[in-house]
Amino acid sequence: MANEYSLENIASQVRRDIVRMVTKAASGHPGGSLSSTDVLTYLFFKQMNATPENWERNGKDQDMFFLSAGHISPVLYSVMARRGYFPVEELNTFRVFGTRLQGHPSIEKGLPGINQAAGSLGQGLSVAIGAALGKRLSNDKSMVYVLLGDGESEEGQVWEAAMAASHHKVDNLIAMTDWNHQQIDGTTENVAGLGDLKAKWEAFGWKVLEGDGHCFKSIGETFNEAVKSCGNGVPVMILWHTVMGKGVDFMEGTCKWHGKNPSQEQCDEAMKQIDETLGDF
Amino acid sequence: MKLWETFNMKKYINTGNKDTRSGFGAGLAELGRTNSKVVALTADLKGSLKMDEFAEENPDRFFECGIAEANMIGMAAGLAIDGYIPFAGSFANFVTARVMDQIRQSVCYSRTNVKIAASHAGITLGEDGATHQTLEDIGVMRMLPEMVVINPCDYNQTKAATIAAAAYYGPVYLRFGRPGVPNFTPADQKFEIGKAVKLNDGKDLTIIATGHLVWEAIQAAEVLEEAGISVDLLNIHTIKPLDEKSVIESVRKTRKVIVAEEHLIAGGLGELVAGVLARTCPAPMKFIAIDDKFGQSGKPGELMKAYGLDADHIVAAAHELLNGR
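Protein chains in written order, with this note's numbering: chain A, 1070 to 1350; chain B, 29 to 353.
Keep in mind that the hints are not guaranteed to be accurate.
Only pairs whose alpha carbons sit at most 20 Å apart, straight line, appear in this in silico SDA-like list of lysine to any residue [stated by the list, open to error]:
1) B:K65 <-> A:S1207
2) A:K1129 <-> B:Y197
3) A:K1238 <-> B:K284
4) A:K1238 <-> B:K226
5) A:K1238 <-> B:D88
6) A:K1238 <-> B:G94
7) B:K226 <-> B:G198
8) B:K284 <-> B:P328
9) A:K1129 <-> B:K65
10) B:K231 <-> A:H1236
11) A:K1129 <-> B:S64
12) A:K1178 <-> B:G198
13) B:K65 <-> A:K1178
14) B:K65 <-> A:T1162
15) A:K1210 <-> B:K74
16) B:K74 <-> A:H1236
17) A:K1178 <-> B:Y197
Hints in this document: simulated from the structure, not taken from any laboratory.
From a predicted model like this one, the values you see are computed outputs, not experimental measurements.
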């Protein structure tokens, strides 16, 4: 499956899935899901040395991914389903009573591919650091990836983790920030003065890379450079420049669609803008 | 008749005061030698938690996290996902209320095999005062689904509990203290999580105690025995899951109960026992615990006395109960 379709086609279908999932569930978080779509599509289909068939929670000898910003579960579920971690039809159950696709990712009902709960923000980087240290201790050469939201970086724990990763020379970890500049109450600048993330991470001793999170060429090159930067005693952060709500014109560049579902009419309008490539769920 | 012939209560001998945190340190050091999956983390309190021996013998399995408890809990969860058995240690105050959300999501809800090692719990922390004297931690931890809550009574029991916590798969909160206290349980004891230890069979009154209050309860039971009152005495080292069967059996027999703990009444063992008894066999009850107050600076012994957490207060409560007050 990974080679049958272009990344562009997969990402297009993932965007359809996201909008249809939150419409059907009448709740959920489309904005950040759409801004992270291209990066996570690339990560799961091209970047990570991990296969659904060999997935185990302990991540042994497989690259591991932790989603710290748990509210963008629609993109994670869609990418994972399209990658083959669980049936695509299961996307129909997003947020429904009894589902494995909880509003925020959970291990409770045993969804393959999920190894940690996320939702309360700021915790995923710490967990990823622990998992990376565990791999080092076990002499497991695979990698750990983690995705944070930019607004999430206002949590103090993120900076505790930033200091710890650097201090413990965690260099089998690639952390990423979806820098879409939007959060619930407005722009990251107006809400909290997020400021120069690059300078902040560098000040904490990280190697910081930047890439265009909506251009597969840039995504690929940035990941390659990130992997090359690993193993040098320094943790790596990729700041992905992205657009909130990317792909649906009325959702782009605004905080309004952080955690709001479209009406059926709005969903239909969005569907006209995104090609169905792999077949809707 | 000689006094010792009339004295039926089992004798408990203090083999010398020792701090329970050193029991944790000894247990952790032993685990370091016997189980290569055990790792330890601390937030700048390695010495206070007696983790030095483990850290020296297993430098690659020891992680100093600095004064950043939230991150420490997350790192422990990550190590646990990989299959390690992390003990994350700090003062009880800083690894409970301060990081409750991290423990809730990254440990309990995520079912990670993390052991929270909490030292300097309770008012016996002493001179540092109320900022450091957590009296809410048992309540905070026992509210979390999946969490096992253990509060051993002396050095030997804390060492045994530490080893038992590593053998159990799942989140564990292990609470211990700062000062030297009587060490009286067997060094070779078998520690069964969730199983009460019956310290004495009696018929007039049940005393249920946990942690540092167990020794005080033994002293109180001896005084009561001399006054002709026989005490059914339980050491509850595991607060969650509570050994309800042992509690109910005892109170069905005695119909009167005192619960003694170094904690607030709110969220404590007493409330837990009261809930069980309300459903099964309601009985008159006294709480030896702190009622909705913060602590303050002082020597451990003087604070325990001032806050009503000693043998004398247990004896007084027993007489009140027996007199129907």
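Quick rundown of the hints versus the structure:
1. Between K65 of chain B and S1207 of chain A the alpha-carbon distance is near 10 Å, which keeps this suggested pair within the 20 Å criterion.
2. Among the hinted pairs, K1129 of chain A with Y197 of chain B is consistent with the structure: their alpha-carbon atoms are about 19 Å apart, no more than 20 Å.
3. Restraint check for K1238 of chain A and K284 of chain B: the C-alpha separation of about 59 Å exceeds 20 Å, so the hint is violated.
4. Note on K1238 of chain A and K226 of chain B: the hinted pairing is violated, with a Cα-Cα distance of about 50 Å set against a maximum of 20 Å.
5. Proposed proximity of K1238 of chain A and D88 of chain B is supported: the alpha carbons are some 13 Å apart, at most 20 Å.
6. Simply put, K1238 of chain A and G94 of chain B have alpha-carbon atoms about 15 Å apart, close enough for the 20 Å limit, and the pair holds.
7. In summary, the hint linking K226 of chain B to G198 of chain B is not supported, as the alpha carbons are separated by about 26 Å, beyond the 20 Å threshold.
8. In summary, the hint linking K284 of chain B to P328 of chain B is not supported, as the alpha carbons are separated by about 29 Å, beyond the 20 Å threshold.
9. For the proposed pair K1129 of chain A and K65 of chain B, the alpha carbon gap of about 14 Å is at most 20 Å, so the pair holds.
10. Taking the CA atoms of K231 of chain B and H1236 of chain A, the gap is about 59 Å. The hint is violated against a cut of 20 Å.
11. Proximity of K1129 of chain A to S64 of chain B is assessed by CA-CA distance (about 17 Å); at most 20 Å being required, the pair is judged to hold.
12. Restraint check: the Cα-Cα separation between K1178 of chain A and G198 of chain B comes to about 17 Å, which is no more than 20 Å; the hinted pair holds.
13. Annotation: proposed proximity of K65 of chain B to K1178 of chain A is violated, straight-line Cα distance about 26 Å (limit 20 Å).
14. For the given pair, K65 of chain B sits about 38 Å from T1162 of chain A by alpha-carbon distance, which is inconsistent with the 20 Å threshold.
15. A hinted pair counts as satisfied when its Cα atoms are at most 20 Å apart, and K1210 of chain A with K74 of chain B does not qualify at roughly 30 Å.
16. Note on K74 of chain B and H1236 of chain A: the hinted pairing holds, with a Cα-Cα distance of about 17 Å set against a maximum of 20 Å.
17. Under the criterion of a C-alpha separation no larger than 20 Å, the hint pairing K1178 of chain A with Y197 of chain B is consistent with the structure, at around 18 Å.
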